[in-house]
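Asks: Below are the chains, spelled out letter by letter.
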Amino acid sequence: MNVLQPIGRAFRGFLEATGRLTLFAVVSVSHCVRPPVYPRLIGRQLVDIGYYSLPVVGLTTLFSGMVLALQSYAGLDRAVAESVIPRIVVQSITRELSPVLSGLMVAGRIGAAMAAEIGTMRVTEQIDALTTLSTNPHKYLIAPRLIAGLTMLPLLVLVGDVIGVFGGYLVSVYKLGFNPAIFLKFTWENVDAIDLTSGLVKAACFGFIVALLGCYNGYHSRGGAQGVGAATTNAVVSASILILVSNYLITEMFFGK
Amino acid sequence: MSARKSDIPKIRVRNLHKRFGRNVVLDGLNLDVGSAESVVVIGGSGSGKSVLLKCILGLIEPEDGSIEIDGRPVIGLPPAEREIINRKFGMLFQAGALFDSLRVWENVAFGLIQGESMDRAQAKEIATAKLAAVGLSEAVGELWPAELSGGMKKRVGLARAIATEPEIIFFDEPTTGLDPIMADVINDLIVKCVRELGATALSITHDMASARKIADRIAMLYKGTIIWNGATDEIDRSENEFVDQFIHGRAEGPIRMEVRAR
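Going down the list, the protein sequences come from chains A and B. Residues 0 to 256 (numbering that gives the first Met the number 0) are what the first sequence spells out, left to right. Residues 0 to 261 (numbering that gives the first Met the number 0) are what the second sequence spells out, left to right.
Read the hints as simulated data drawn from the structure, not as lab findings. Cβ coordinates follow ideal geometry from the N, Cα and C atoms, glycine included. Don't take each hint at face value.
Stated by the list, open to error - Short derived list, chain A residues pointing at chain B, Cβ under 7 Å:
1) T131
2) T134
3) T186
4) E188
Stated by the list, open to error - Some chain B residues well away from chain A (every beta-carbon gap over 12 Å; in silico):
5) I7
6) R13
7) N14
8) A35
9) S44
10) E82
11) I83
12) N106
13) A120
14) I125
15) G156
16) A208
17) D215
18) H247
19) E251
What the hints assert, rightly or not - Per label pair, the in silico range of CB-to-CB distance:
20) B:E141 <-> A:Q4: 58 to 66 Å
21) B:G176 <-> A:L58: 42 to 50 Å
22) B:H16 <-> A:V25: 24 to 32 Å
Modelling step: build the complete structure from the supplied sequences, incorporating the hints.
Replies: In structure tokens:
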């Protein structure tokens, strides 16, 4: 009997946390679509998430594209490599690598920053101060971040797609000695609407997850510096796991039979 | 000065209960604050003073009891109506709680810009005037909160609390962490600002010098209830041994500080 107790407790805790998170998401999303909106704050988040994440996302996808070309070449016959490698690169990058790796990198960069900033605001009573100044914290702090996460990650992933393919091109042309025109031709022929769409849907979903978990963990942090630290860790870990789980689910939705 | 009587108190708290886990913090607390009256709640650390303020502000939901503002029950109001009630409030937080992503003047003008949708130029003018009222120059308004000293943060917090000219102002330990002279300056500013606005003030503190200075009436909180409550000049004649021990700061007496290893 006692063996089951901790299992039950853990399961109940999990359900409670899921419920709290869902409620938090519903309230926050409802504030995204109701006036007043704060264009100034949304703008700042757009720049923070979109513009300042470009180097990280660019580097990540560049090297992913490069290593893809290199690894595929090792396992392929020289005769078919020139037509197959562009396809492998463009499909892997647009379907999986660009959205997932960008999502994970942004979780580390943005999710952590959001949890730390909102968590510090919580423990220094700044969130209470917002409420006493007749400003809803969900509307003022969380809605702009959710909107920015949801809209900026697809744009980042689009840029990542291009840079990733460029990475594959660099290795194929300058290291493996492929013909550039042929590489581009095969790449272009293999760009598929469904690949791009699925990648962008994933990106929007991941952006939402990163912003939501960053805000949620920060908002519910307690107990000073240590609490903020724990919130930051939880934000990154839970967002990363949810990204990988939802990546599978979305892939299943688009490509599963 | 005796407690002013009016038919409907500005704040009426009845039978308030709040616990965190097994720890009972408020245990049937009753308190009335009349219009334009300044009440100070004194009590030891961890006696539930902050929880009382947060319950009135709607930041914490109590388990039982009622809170009325201007005769209107406010517990469990939907958020939109709560926001309207909160427009009557101003609050000076213990550590200032200034928004560190905003400049000082934007902090002071926050309630005007966000709460009352005033345009920024006009709000800045009012913020500058409020900063002047607490003895800070216009140049301070352009600084960031991280660049301010403790006393300046309290002044900015005070300017922010009075910027929207609220009907009720809460002061959470206004003098904690300040040297005695700066504490007295802040006390003077509080008295002046509250008088000028004709506002109702509810403060919590454990600093007796501050309490004597800003209070019309003092209430003592112990073990979750108000155990004594009377005009400021009566506190030395309370004949209540709990109050006597507290105001004279004696370790020996009926109040046992729970000092134990955690």
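Asks: All hints, please: hold or fail.
Replies: These are the hints, each one checked on the structure:
Nearest Cβ of chain B to the Cβ of A:T131: about 4 Å, under the 7 Å cut. The hint holds. This hint holds: A:T134 has a C-beta 5 Å from the nearest C-beta of chain B, less than the 7 Å allowed. Of the supplied interface hints, the one on A:T186 is violated, with its beta-carbon coming no nearer than about 44 Å to a beta-carbon of chain B, more than 7 Å. Here the hint on A:E188 is broken, as its CB sits about 49 Å from the closest CB of chain B, past 7 Å.
The claim that B:I7 lies off the interface holds: its Cβ sits roughly 23 Å from the closest Cβ of chain A, which is beyond the 12 Å cut-off. For B:R13, the requirement that its beta carbon stay farther than 12 Å from each beta carbon of chain A is met, with the minimum near 22 Å. The beta carbon of B:N14 sits about 24 Å from the closest Cβ of chain A, which is more than 12 Å, so the claim that it is off the interface holds. Distance check on B:A35: its Cβ is at least 20 Å (rounded) from any Cβ of chain A, clearing the 12 Å threshold; non-interface status holds.
With a least beta-carbon separation of about 16 Å from chain A, B:S44 lies farther than 12 Å from that chain, consistent with its non-interface assignment. Listed as outside the interface, B:E82 is inconsistent with that label: its C-beta sits roughly 5 Å from the nearest C-beta of chain A, within the 12 Å cut-off. Some Cβ of chain A comes within 12 Å of the Cβ of B:I83; the nearest lies about 8 Å off, and the non-interface call is violated. B:N106, annotated as away from the interface, has a beta carbon of chain A within 12 Å; the closest lies near 9 Å.
Chain A leaves B:A120 outside its interface by the beta-carbon criterion, the shortest separation being 15 Å against a cut-off of 12 Å. A cut-off of 12 Å between C-beta atoms confirms that B:I125 is not in contact with chain A; the least separation is 14 Å. A beta-carbon of chain A is positioned within 12 Å of the beta-carbon of B:G156; the least distance is around 9 Å. The Cβ of B:A208 sits about 24 Å from the closest Cβ of chain A, beyond the 12 Å cut-off, so the non-interface label holds.
B:D215, annotated as away from the interface, keeps every beta carbon of chain A farther than 12 Å; the closest lies near 23 Å. Taking the minimum C-beta to C-beta distance to chain A, about 31 Å, the non-interface status of B:H247 holds against the 12 Å cut. No Cβ of chain A comes within 12 Å of the Cβ of B:E251; the nearest lies about 33 Å off, and the non-interface call holds. Checked against the given bound of 58 to 66 Å, the beta carbons of B:E141 and A:Q4, roughly 59 Å apart, stay inside it.
Against the hinted window of 42 to 50 Å, the Cβ-Cβ separation of B:G176 and A:L58 comes to about 45 Å, which satisfies the hint. For B:H16 and A:V25, the hinted distance range of 24 to 32 Å is satisfied, since their beta carbons lie about 30 Å from each other.
The earlier numbered hints that this structure contradicts are 3, 4, 10, 11, 12 and 15.
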